[in-house]
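Please dock the two separately framed chains into a single complex, following the hints provided.
Residue-level listing of the chains:
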Amino acid sequence: MTVALSIMAAVFAVAIALGLLARRGHAMTLQQWSVAGGGFGSVFVFLLMAGELYTTFTFLGGSGWAYGRGAPAMYILCYPALAYSLSYFLLPAIWRASRGQGFVSQADFFVARYGSRTLGVIVALVGVAALVPYLVLQFKGLGIIVSEASYGRVSPAAAIWAGAAALIFYVVVSGVRGSAWTAALKDALILVVVVAMGLYLPYHWYGGIGPMFDAIDKARPDFLTLGGTGRSTSWFISTVLLTSIGVYTWPQFFGGVYTAKSDDVFRKNAVVLPLYQLVVLFVFFVGFAATLKVPGLIGPDGDLSLFRIAKLSFSPWAIGAIGAAGLLTALVPGSMLLISAATILAKNVYKELVPSASERRVALVARMMVPALTLVSVLLTLHGGSAIVALLLMGYNVVTQLFPALVLALGPSPRISARAALAGIIAGEVTVAAISLSGASLATLLPGWPAVITELNVGVVALAVNVAVILAASGLAGVRATQPA
Amino acid sequence: MTESRSGLRPHHWLGALPTVGMLGGILFTNRVRPMVFGLPFLFFWIAAWVLATSLIMWVILKLDRAWEREHANTAKADAGVPE
Numbered sequence: 001m002t003v004a005l006s007i008m009a010a011v012f013a014v015a016i017a018l019g020l021l022a023r024r025g026h027a028m029t030l031q032q033w034s035v036a037g038g039g040f041g042s043v044f045v046f047l048l049m050a051g052e053l054y055t056t057f058t059f060l061g062g063s064g065w066a067y068g069r070g071a072p073a074m075y076i077l078c079y080p081a082l083a084y085s086l087s088y089f090l091l092p093a094i095w096r097a098s099r100g101q102g103f104v105s106q107a108d109f110f111v112a113r114y115g116s117r118t119l120g121v122i123v124a125l126v127g128v129a130a131l132v133p134y135l136v137l138q139f140k141g142l143g144i145i146v147s148e149a150s151y152g153r154v155s156p157a158a159a160i161w162a163g164a165a166a167l168i169f170y171v172v173v174s175g176v177r178g179s180a181w182t183a184a185l186k187d188a189l190i191l192v193v194v195v196a197m198g199l200y201l202p203y204h205w206y207g208g209i210g211p212m213f214d215a216i217d218k219a220r221p222d223f224l225t226l227g228g229t230g231r232s233t234s235w236f237i238s239t240v241l242l243t244s245i246g247v248y249t250w251p252q253f254f255g256g257v258y259t260a261k262s263d264d265v266f267r268k269n270a271v272v273l274p275l276y277q278l279v280v281l282f283v284f285f286v287g288f289a290a291t292l293k294v295p296g297l298i299g300p301d302g303d304l305s306l307f308r309i310a311k312l313s314f315s316p317w318a319i320g321a322i323g324a325a326g327l328l329t330a331l332v333p334g335s336m337l338l339i340s341a342a343t344i345l346a347k348n349v350y351k352e353l354v355p356s357a358s359e360r361r362v363a364l365v366a367r368m369m370v371p372a373l374t375l376v377s378v379l380l381t382l383h384g385g386s387a388i389v390a391l392l393l394m395g396y397n398v399v400t401q402l403f404p405a406l407v408l409a410l411g412p413s414p415r416i417s418a419r420a421a422l423a424g425i426i427a428g429e430v431t432v433a434a435i436s437l438s439g440a441s442l443a444t445l446l447p448g449w450p451a452v453i454t455e456l457n458v459g460v461v462a463l464a465v466n467v468a469v470i471l472a473a474s475g476l477a478g479v480r481a482t483q484p485a
Numbered sequence: 001m002t003e004s005r006s007g008l009r010p011h012h013w014l015g016a017l018p019t020v021g022m023l024g025g026i027l028f029t030n031r032v033r034p035m036v037f038g039l040p041f042l043f044f045w046i047a048a049w050v051l052a053t054s055l056i057m058w059v060i061l062k063l064d065r066a067w068e069r070e071h072a073n074t075a076k077a078d079a080g081v082p083e
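So the protein sequences, as listed, match chains A and B. Per the working numbering, the first sequence starts with residue 1, numbered consecutively. Per the working numbering, the second sequence starts with residue 1, numbered consecutively.
Among the hints, a few may not be true.
[Said to hold, decoys possible] 27 Å max Cα-Cα, derived DSSO-like pairs, lysine-lysine:
{"hint": "1", "chain 1": "A", "residue 1": "Lys293", "chain 2": "A", "residue 2": "Lys311"}
{"hint": "2", "chain 1": "B", "residue 1": "Lys62", "chain 2": "A", "residue 2": "Lys268"}
{"hint": "3", "chain 1": "A", "residue 1": "Lys261", "chain 2": "B", "residue 2": "Lys62"}
[Stated by the list, open to error] Taking CB as the label site, the calculated pair distances span:
{"hint": "4", "chain 1": "B", "residue 1": "Pro34", "chain 2": "A", "residue 2": "Gly227", "range": "14 to 24 Å"}
{"hint": "5", "chain 1": "B", "residue 1": "Ala72", "chain 2": "A", "residue 2": "Lys261", "range": "13 to 23 Å"}
{"hint": "6", "chain 1": "B", "residue 1": "His12", "chain 2": "A", "residue 2": "Gln101", "range": "21 to 31 Å"}
Hints listed in this document are in silico derivations from the structure and should not be mistaken for laboratory results. Ideal Cβ positions, reconstructed from N, Cα and C, are used throughout, including at glycine.
One chain only, chain B, in its complex shape (with noise of 0.2 Å):
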């Protein structure tokens, strides 16, 4: 069942997010002010970026559980096992 896990699947380009997401963004958010939650600017930017990479790293997750799922059920259909 682990072979099922190998390979690059569609919903695995949201794993690059984090990195475009935190980085690319600090070209525009390099600023204190306005604060956030007591915050500068860029902090709360990044902070909030590493609570997001936590959540994508959940969905991505969620729809890998999803899709070895079913991709078991296309497994044993296609061997005739019944479910």
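For reference, chain A alone in the conformation it holds in the complex (with noise of 0.2 Å):
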């Protein structure tokens, strides 16, 4: 038990360590901090962008749907991978709008296209506000990896807490470059973890992945396919489609955009991190195996399967690995959240509230952030209760709605106005925010429907009315314009 623990806190030493000598060399000002200066070539950009993707949303999430859910978790192989595909022609179209602009966060990136420090604002807000649920996320699954690897010893409480403690102090001191080091470990850590596990668990409980998956057909009929109320294939299809288009929306992908030093990284990753992504293959594994051997986990508790059969089927040192990996796969993306969240709110809410403040001020109040938004975080965790997955749905409806202004502003000019994109982005948050408040779907509001239109997921409908109020707008204002003055 005791191995297990000590393990842990070997990789987490290692991975302070790392994060504290990547600073070496650098003056930290806010451009290094958030975006190391724009000077990182192909690798780390390459583990950036793979380690913004594979976090404990994979890692536990992964497993936890495959576990509770069956073939609705494949999402979780469909969506990156398309968002890849996508990503070979947006990030360049978005690399060569920002170059040499010292941009440092997605909001700069709005405010430049469309001139328009309101709508700077608002993406602002909008972004921290996907941020923070994507946070919790991270927390949440750091306190199920230390409870369950350290067999209770440590509560997942005190887990969250050394951890976000930990996290504060080497993301103020190093910023992204103490990132993209500590990726680098995790992602070593965490392809020899799930591959072994994956291939592992299959065999040792089932004789095999086919066996495994013949035992799983017979036990539960319609688990390995889609259908049915919430788990049908127009949810599915919806579902990938507007995750995948979400993915690149979010903050801190910006952040890793502006870190290249050329465009042409992004179309090599695009080619090679769909392959990467073929590794969740193997988290699906674990959750499969799970489904039979350790019955029982009900909602929530699903996050808990890939840690529940690893402690029925191995000994304490390995538990400790995987641990530690899972470890590494919250911290390491919960520090690239926080530098995003922490650069918005300073550059583009406080530097707005007050425009005389300095750059080295505003550094400083990017610091000062890091340890308020995790204070705000790890109280969220500890006092809400959502499964994992839905934590990142929930994300994802609200930092959707930036694409349609953000696609619209590539190319030599916007092809829309900032107050169209402005009123898209509100009409869409709020419809967001109605649906989610009232727990809506398509199958309540369209009752009598179809089954292939209600089971759409209900993001389409606020994404719908972002497109239709930025096409009204536009076209309002082309009526203003044509009239005679």
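Right, here's the structure in full:
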């Protein structure tokens, strides 16, 4: 038991040390802290981009959904792959539009393209509103991982507080350089751990991957196909489409784009990253292996399934290694999310409110936001109950509303006015809020309509409202422009 | 030179293939059997398309590189610069 805890503590110490070493030789201006001065080559950009998608969500949420829901979990394999195919065209365009302009945040991009500071503030607030549930998710995962891997010796709350303290410390000191270095360690560890578990568990308990799926299919027909309410093909396809266009509306990916020296790296990434995504299959194998062997974890408890079957199958040594890898999948992406949110709040909210603030002062405020954001997220983590996948889908609905305004801002000049972009985003977010608060679905909004429609992800509605408002606002402006003065 | 990278080119329609192929196919492949490599058929279909996505993006990258070389050469020829 103490063996597992010692291994986790050792890896944790190495990660912190790496994070601190990464700072050497760089004066920490806001530019350096948030986007490494735009000086990262292919390898670091790859690690950052891969690191941002491969989080505790994939590790615990992926196995948790395979365990609890079966086939619908495959959406977690689909949407990043499709997002990568989109990234081939989208990210170089964002990079070219941002080159040499000293951007540090996503909102900077919107301010410069649309020439509107108000739009910048709204985009900043939307970004932070989406980042907080994503941070909560990482902390939730951290709590589960440490308490499970320490065999209950460390409570989830204690683990979350300790992880939060460490995160604040190294994010404040090293910024994004620390994240890139620890991302290398994280990816190496998680790759080994996930592939080993995903191969060993099916062979150990069922005699192979094929026999495992045979056994599940016999015990639970329907579990390995899509169908039924909330898990139909309509739900699946609309969710994959929505989340794949949503991926690059997350503020932390803009930080990733700005770190690159050249735009060619994004094209190479789009070729390599889908292969990397296949590792998620092994995460699913773990969840599927658990579904017949450790049944009875209901709802959000499905997130525990990976550790429950691991503890049934491995020695404390191995549990320590799994825990250590899991710990890093929470801390590394957590650090990137924190950097993005803190940068946005300092540069695009604080600086707007206090225009006289100096560069140094803004950089200081960004660092001061780190403990504040961490504290809010930790408190939300300790008082909320959602499962990991539900938290991420919530953040996605909020942030995807930026997609129309983002795409229409590319090219030589934006295709719509700042006003139309602003109206679209606000209408979209109001719809998201109304839907979330009322718990509405398309089935309740459109009673009697065919299931193909009512099963669509309700986020489609908010995006449709968003686009309709953009079109209406652009149309009205066009009419006004042609009217004689 | 980076300016020549912007804009859509004829072969860029290939970029829509992963989305159309993977998701469109789900309507016809939502079944457990036949299992392939031990995977339920739906899972195999999706995994195969993730592999194909990588391959398709590689083809687009190669075509883009070729297009950019050609484009760079014509630009030089137009400007009267010997190669």
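Query raised in the report: Under the criterion that the straight-line Cα-Cα distance not exceed 27 Å, is the pair lysine 261 of chain A, lysine 62 of chain B satisfied?
Result: Holds - the C-alpha atoms of lysine 62 of chain B and lysine 261 of chain A are around 21 Å apart, at most 27 Å.
Query raised in the report: How does the Cβ-Cβ distance of histidine 12 of chain B and glutamine 101 of chain A compare with 21 to 31 Å: does it lie in that range?
Result: At roughly 26 Å between Cβ atoms, glutamine 101 of chain A and histidine 12 of chain B fall inside 21 to 31 Å, so the hint holds.
**Report entry** Distance restraint between lysine 293 of chain A and lysine 311 of chain A, which requires alpha-carbon spacing of 27 Å or less
**Finding:** At roughly 12 Å apart (the allowed maximum being 27 Å), lysine 311 of chain A and lysine 293 of chain A satisfy the hint.
**Report entry** Consistency of beta-carbon spacing, lysine 261 of chain A to alanine 72 of chain B, with hint 13 to 23 Å
**Finding:** Once the Cβ atoms are compared, 20 Å apart, the range 13 to 23 Å for lysine 261 of chain A and alanine 72 of chain B holds.
Query raised in the report: Is it true that the CA of lysine 62 of chain B sits at most 27 Å from the CA of lysine 268 of chain A?
Result: Between lysine 62 of chain B and lysine 268 of chain A the Cα gap is close to 10 Å, so the pair holds against 27 Å.
Query - Assessment of proposed distance window 14 to 24 Å (beta carbons of proline 34 of chain B, glycine 227 of chain A) - result: holds (19 Å)
Figure legend: structure checked against the earlier numbered hints; every hint is met.
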